[in-house]
Amino acid sequence: MAENKQADIRKWFMKSHDKGNAKESKPAIPAPTNKSQPEKPAHASPESSGRRKTSKYFATDKQKPKDEKETEELPTKRKAQRHNDESVKPPPAKKVHIVDDNDDDDDDDDFVFSSSRKKLNDVTPSKKLKSGSGRGIAQKPVDIEEGDEDDDKDFETPLKSGGKGRGGRGSSAAPAGGRGRGGAQKPVDIEEGDEDDDKDIETPLKSGGRGRGGRGSSAAPAGGRGRGGGRGGFMSFGERKDPPHKGEKEVPEGAPDCLAGSTFVISGTLDSLEREEAEDLIKRHGGRVTGSISKKTNYLLCDEDIGGRKSSKAKELGTAFLTEDGLFDMIRASKPAKAPVQEESKRPVDKVAPLPKKSPQKIETKKDSIGNSLATNVSGKGLTSGVSPAKHKTKTVAKSDLTWTEKYKPKVPNDIIGNQSLVKQLHDWLRSWNEQFLDTGNKKKGKKQNDSGAKKAVLLSGTPGIGKTTSAKLVSQMLGFQAIEVNASDSRGKADAKIEKGIGGSNANSIKELVSNEALSVNMDRSKHPKTVLIMDEVDGMSAGDRGGIADLIASIKISKIPIICICNDRYSQKLKSLVNYCLLLSFRKPTKQQMAKRLMQVATAEGLQVNQIALEELAERVNGDMRMAINQLQYMSLSMSVIQYDDIRQRLLSSAKDEDISPFTAVDKLFGFNAGKLRMDERIDLSMSDPDLVPLLIQENYINYRPSSAGKDDNGIKRMNLIARAAESIGDGDIFNVQIRRYRQWQLSQSSSLASSIIPAALLRGQREILQQGERNFNRFGGWLGKNSTRGKNLRLLEDLHVHLLASRESSSGRETVRVEYLTLVLKRLTGPLRELPKDEAVQKVVEFMNIYSISQEDFDTIVELSKFQGHPNPLDGIQPAVKAALTKAYKEGSKTRMVRAADLVTLPGVKKAPKKRIAAILEPSDDGLVDGGSTLAEGEEENSSDSDELEGSANGEKLQMELQSLNSKGMQVELDLKGTGNSSAKKTPAGRGKGGSGSSEKKGARGSGAGAKRKR
Amino acid sequence: MLWVDKYRPKTLDNITAHQHIAQNLKKLVTEQDCPHLLFYGPPGSGKKTLIMALLRQMFGPTAEKVKVENKTWKVDAGSRTLDIELTTLSSTNHVELNPSDAGFQDRYIVQEIIKEMAKNRPIDTKGKKGFKVLVLNEVDKLSREAQHSLRRTMEKYSAYCRLILCCNSSSKVTEAIRSRCLNVRINAPTEEEIVKVLELIGKKEGLQLPSGFAALIAEKSNRSLRRAILSFETCRVQQYPFTSKQVISSMDWEEYVAEIASDIMKEQSPKRLFQVRGKLYELLVNCIPPEIILKRLLYELLKKLDAELKHEVCHWAAYYEHRMRLGQKAIFHIEAFVAKFMSIYKSFLIATFG
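Chains D and H, in that order, are what the protein sequence lines are. Here the first sequence is numbered in the UniProt record's numbering, starting from 1 and rising by one per residue. Here the second sequence is numbered in the UniProt record's numbering, starting from 1 and rising by one per residue.
None of these hints come from the bench; they were simulated from the model. Small disclaimer: the values here were computed from a predicted structure and weren't measured. Careful, some of the hints might be misleading.
[What the hints assert, rightly or not] Facing chain H, a subset of chain D residues (Cβ under 8 Å, in silico): (1) Val580; (2) Tyr582; (3) Gln774; (4) Phe782; (5) Arg792; (6) Ser814; (7) Gly815; (8) Leu835; (9) Arg836; (10) Leu838; (11) Pro839; (12) Asp841; (13) Glu842; (14) Pro874.
[Claimed, not checked] Taking lysine-lysine and the DSBU-like style, the derived pairs with C-alpha atoms no more than 35 Å apart in a straight line are: (15) H:Lys304 <-> D:Lys846; (16) H:Lys10 <-> H:Lys295; (17) D:Lys577 <-> D:Lys590; (18) H:Lys74 <-> D:Lys890; (19) H:Lys196 <-> H:Lys156; (20) H:Lys304 <-> H:Lys346; (21) H:Lys203 <-> H:Lys10; (22) D:Lys890 <-> H:Lys204; (23) D:Lys713 <-> D:Lys590; (24) D:Lys829 <-> D:Lys840; (25) D:Lys869 <-> H:Lys220; (26) D:Lys593 <-> D:Lys558; (27) D:Lys794 <-> H:Lys203; (28) H:Lys203 <-> H:Lys67; (29) H:Lys245 <-> H:Lys271; (30) H:Lys304 <-> D:Lys678; (31) D:Lys788 <-> H:Lys271; (32) H:Lys303 <-> D:Lys885; (33) D:Lys885 <-> H:Lys279; (34) D:Lys794 <-> H:Lys74; (35) D:Lys840 <-> H:Lys245; (36) D:Lys409 <-> D:Lys531; (37) D:Lys829 <-> H:Lys220; (38) H:Lys27 <-> H:Lys74; (39) H:Lys10 <-> H:Lys279; (40) D:Lys575 <-> H:Lys74.
Where a beta carbon is used, it is the ideal one built from N, C-alpha and C, also for glycine.
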């Protein structure tokens, strides 16, 4: 165990310097793999080949068998758990294969075994039983090293257990781990079935002297797992480290198809390639990359084993592990020695063939089954389904000038890619529509159904190009409805015709007519008249011109005698909010890329185009589920070439990729990212233009965090500092450009602006991001400027209020800036100093006096304190007793009775229609109503009368608010006297619940409100 | 009441620091019609005081009866209507406003609001002055467009409206406007003058001034009278019987800028730059004008800098200040200056000390 661990650790640490060695040593690995690859496919399915390799890997790769072993073992536990599940449904291929494994230690008789396995496969339905034992053994290959005996043992057991207790065997795997650790093997074994017992006993006997026998090694997983888990947590999502040797290796070029037929899964950090690069590399060479391990996966590409789910699953499934170097070698091998390798690489290609072939069959069967189910549902459906294939064929044969999208439009519902269940639902809905809503004859049933939530219309939603319209049409066609389509090209507004005509404009009227007339026809001669369905396409596109369209549509739905199918892209659109309630909602999803690729393949073959599956999948992925676009692209490419490669598609779609919404963060990531250097200029501009306001801000916020790769070796950081200075200047340029653009509308500068503000800084500093602050996450921060700027704006406003009050006191006539820069320090001292030093009463009196002289309100007091706070400096209010503060508040309130009000904004009255032309600095003597005395937190005498008394600040609890309300009422009354009953409204406007806005906002609003008031008066 | 305001001279006769100018102004308004005036000079030199005294001289004590208004003006700017908020300080005969408060919309203020105000002839002309006065503060902060719009207004309505412009630097006022005004340069008072004022205040307040204390304050005040009086009072608040060794504390924000400066000097790294950015934001959020931050920062840096770098650093400070004016997001430019400084200083350190 210790040894294992050590080896493991060594692996992590030595990795980097091993590099050189690894390169030399690695070739050993791929050689066998390569060899085995071509051989196997001919006979065995990919899984078995993968499995095969596992054993080989261990046998041949002496370099690090130990680590491998450890990692290999990880899955034990899981496997054990899984066992039970699998007992129900055993994956057929695997089990058999295990048998092979066991049998051929010499690891060259694959053929024999695969064939034998095939036999087994065919013959034994009781494979299930075996699976368990096979499982257990799958781990065993680890032991191969140790000698034949062990293996023999293992084989023996399965053989024994063959017929029976797979369950027992399976569970034995689980305890094995625990046991190994505990050291007490026997007891557990005894609990197990007999076979297990035998086996387990045997093993220890044999392996007894060896430090790490089967059991010992089986214990390892626990440790390994634990560590792996910890590590996984450490490098949690999104924090995948950069490849340690990024860009240092030369990426090989190989024959385009050299990886064809192989499926890869990438896990963890690779040595020199980024994820995306590796993916691209594999795809370019015909391989397939999937996200998670499955039986079909041939290789798990990983350089270090982080013990994640992928690797454990891979081990469970026996997937081969492949290092990056191994991958390179595979690719490289295909290139230089063309003659020999070509052959090898060809094989796989052959092998691919069966795969796709197989799948279509499956699909067909699936389709058939669906078809059948539909057929059973639908009367006369058999007819259509019978006809359709024929139709289909004739269509494809006839080389028409139709675009492919038209040409290969699904002709029967079953042809529709994806969303079959929705189509079926639609079908059912439409089929039962008449019975549901029209059966006036069978009133009892119809009525009931009507009430019970069945919708008269249906709303199909989904992104463009996934077949909403098509399915609507097909379904109605299939059910013999005559479809009437109304789409955005028709005017659908309500206002088109005269209003007395009632609902709908000209077209809407025709719909109406249709909708209501149908009732007649239905009633009279329903059999003769073709059934009709109304398809309202693009309902979310009802806009300006179609005013009232939705309402009208809803009205139509209510009275409709024919089914209505509405189609939209965005179900959550505001416009459709009301419509949604009247419709059965069916949301179409994007088809998977495999589904699309399948269909595209059919199209391609029908058109005589040679495309490989991987390329089509890429295409499907790139168009983001839009089948129509995919076919269009395919057709376009067919014009210039007859064989389409992965690279072609990539090239093509890079330029005409579907516009996707790219978030500013993604854009910034890309601009700073590892391959930003390879981006073309227009791509960079596109990225920075994705949000021309936000991207520069994000860049500005984060550029310091990047360690520029262009700086290279930078001992003292001077290069980086220089680059940062340059970038900062460029960002400044961007700001200047931005002013020109916004202020003087020089929009032609926008490119220069994005160049200066985003592209240049990003180009200078692109590299690896690092954190500058403890605990910060290593993601791009959101631009701080926006927040800071708004805070600054708020503070400026507060300052302005203070300034106004100072001016109004007629004691000072300084500017705002002067107030802040020069006065504030002293004013603060005068305000807080006494509170800290003098006895309470005296201090309070002094401060209130000072405040009165300068008309400083309590908000202003807060403002002054707020503006004098600096991070890292003591709060100006420190050292002041809360009691003193409270006393100050109280004293200030008291004084409000006799205070002179000078500041204009403090006496605004809302709702005043005929006020003096200009708001005079009215001098109101506040009334002396007792309510204020109660210590209610009314801000101050001046503020009481202010327009925005509803935003009065400071009172947090309900009672106080209540009091405030009352006092305000009285104030309002008092004001009334002065200003002819207008003040009342202000008092009424004071809702108790809203009383406490932030002081900031209340101040601000106050100012603004008063301004508005003034305006009104003019 | 603060001493600054308490001992502010109210009439031209009482002016102590710029008696000569005060006398000339007095003659100007008593004997003949007053032209447009442009007062310029460093902060704390007494421009505002002079203007207020001048207004009092023109209109008598009514000029002091000011009211503050804060209103929103609806301005028609081509396709849309803008709401511009503006605080004005007005008496019956004069209106004082600060058009640069409106930021880059200041030209609308000049084009619409000032014009509007200038157009309206005072109703009551039986007084001796047939005109009213518009006092515009911080004219140097007005955008170029606003200044251009201003000059036409100055000519057109000069019959019954006088403008008194007030700014720190006349170089930022366009030639056209300067030539339409009588330029009055208000120098910063000399230290002796400041000492005189301080001693006067000390006497009136009945304070014991140790010898040299007033001079110390005057020296610290950077020849700003306001500053001197304020810090004089600060000292009074902090510690009364004065001692000649008393520390004259600087403003809170100045201390903060000094901190930033020493941060920068201590370490030049992206990490430090990041911290400095945070502190700069702090200053900006606390409404310290960016130009003042930059200026003060430069001042603090220069104090600690090697002589051979001073020139270069000054150059870059000026460069970035200019750009800050052209731009909008001040922090970008201050940060750029800091980055530039770090890069210069770092390479200097490496060159010197290896």
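So, going through the hints one by one against the coordinates:
no. : hint                  : verdict
1   : Val580                : violated, 35 Å
2   : Tyr582                : violated, 39 Å
3   : Gln774                : violated, 11 Å
4   : Phe782                : violated, 14 Å
5   : Arg792                : holds, 5 Å
6   : Ser814                : holds, 7 Å
7   : Gly815                : holds, 6 Å
8   : Leu835                : violated, 12 Å
9   : Arg836                : violated, 11 Å
10  : Leu838                : violated, 12 Å
11  : Pro839                : violated, 17 Å
12  : Asp841                : violated, 19 Å
13  : Glu842                : violated, 15 Å
14  : Pro874                : violated, 11 Å
15  : H:Lys304 <-> D:Lys846 : violated, 42 Å
16  : H:Lys10 <-> H:Lys295  : holds, 32 Å
17  : D:Lys577 <-> D:Lys590 : holds, 23 Å
18  : H:Lys74 <-> D:Lys890  : violated, 40 Å
19  : H:Lys196 <-> H:Lys156 : violated, 44 Å
20  : H:Lys304 <-> H:Lys346 : holds, 14 Å
21  : H:Lys203 <-> H:Lys10  : holds, 19 Å
22  : D:Lys890 <-> H:Lys204 : holds, 34 Å
23  : D:Lys713 <-> D:Lys590 : violated, 48 Å
24  : D:Lys829 <-> D:Lys840 : holds, 16 Å
25  : D:Lys869 <-> H:Lys220 : holds, 24 Å
26  : D:Lys593 <-> D:Lys558 : violated, 40 Å
27  : D:Lys794 <-> H:Lys203 : violated, 42 Å
28  : H:Lys203 <-> H:Lys67  : holds, 33 Å
29  : H:Lys245 <-> H:Lys271 : violated, 39 Å
30  : H:Lys304 <-> D:Lys678 : violated, 44 Å
31  : D:Lys788 <-> H:Lys271 : holds, 20 Å
32  : H:Lys303 <-> D:Lys885 : violated, 41 Å
33  : D:Lys885 <-> H:Lys279 : holds, 29 Å
34  : D:Lys794 <-> H:Lys74  : holds, 22 Å
35  : D:Lys840 <-> H:Lys245 : holds, 31 Å
36  : D:Lys409 <-> D:Lys531 : holds, 23 Å
37  : D:Lys829 <-> H:Lys220 : holds, 19 Å
38  : H:Lys27 <-> H:Lys74   : violated, 40 Å
39  : H:Lys10 <-> H:Lys279  : violated, 40 Å
40  : D:Lys575 <-> H:Lys74  : holds, 33 Å
Hint compliance for this structure: hints 1, 2, 3, 4, 8, 9, 10, 11, 12, 13, 14, 15, 18, 19, 23, 26, 27, 29, 30, 32, 38, 39 are broken, all remaining hints hold.
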